[in-house]
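Q: All chains, please: the whole structure from these sequences, using the hints.
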Amino acid sequence: MSDQLKYFLEESKMPKTWYNIAADLPKPMEPPLHPGTLKPIGPDDLAPLFPMALIGQEVSQDREIEIPEPVRNIYKQWRPSPLYRARNLEKFLDTPAKIYYKYEGVSPTGSHKPNTAIAQAFYNKEEGTKKIATETGAGQWGSSLAFACQIFGIELDVYMVKVSFEQKPYRKLIMQTYGARCVASPSNETESGKAILAKDPNNTGSLGIAISEAVERAAKDPDTKYSLGSVLNHVLMHQTIVGNEAIMQMEMAGDYPDILVGCTGGGSNFAG
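In this note's numbering, the protein residues as written are 1 to 272.
Keep in mind the hints are simulated off the structure, nothing from the lab.
A couple of the hints might just be wrong.
[Said to hold, decoys possible] Simulated restraints on C-beta separations:
#	residue 1	residue 2	range
1	G179	Y101	30 to 36 angstroms
2	G179	E11	24 to 30 angstroms
3	M250	P201	48 to 54 angstroms
Note that beta-carbon positions come from the ideal geometry of N, C-alpha and C, so glycine has one too.
A: See the structure below:
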């Protein structure tokens, strides 16, 4: 019996398309509603925040979306990522189960987040975006988008939840190293931030507050777009490169999973 621990795909086998699960749903998802009109949001409503290419992906019913060659070339810095067999964990648990895990920590910022950060920065650059505003909690998304924006020459403002801003100075340092400006949220830079601080000067922030500040910045500045690291359809789709690689690696291992386990917050890791 083989004691192989790692399964590596050749670069030439890295997926050339993202998988859009919306095409295979039993029925189309209900469209999000505009908070002001309570009517379905259309492309024109999203245009102030996102480039049209990403809006198109958000509503697409195509099963496969081609990964642009410039994006694939950057992915090759760390992709395909390895699949590991956790043999020591199996022994420790004294289980007959075979445990595999897909390791995204090999990316430049140490998580799966660059898979969509690179794609989003690319499409923004293609449409002439000069600056992006975003939020980050613990800093993984902010670090990843800072990395991507540095590659494509786009300015980046990151609103980081204040408690994490104070607790995780090195995440802030990574963002600054890549050229991003990192601001503790809530801040006095936006009307939403000012309103919260007026009520509670010691507010430690939340992801929702940071999102509000980033969206406000993008909505008010025609040269700035907004970027989100999870939740949205196109973000989840960009992460499917993880699963598409894993399918081929499981074939290399001669196994197929009975159970899939993944942590879920906004859903991008689990979607991948």
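Q: Hints first: check each against the structure and report whether it holds.
A: Hint check results:
1. The given range of 30 to 36 angstroms is respected by G179 and Y101, whose C-beta atoms sit roughly 33 angstroms from each other.
2. The beta-carbon spacing between G179 and E11, approximately 28 angstroms, falls within the hinted interval of 24 to 30 angstroms.
3. Distance hint check: the CB atoms of M250 and P201 are about 53 angstroms apart, consistent with the given range 48 to 54 angstroms.
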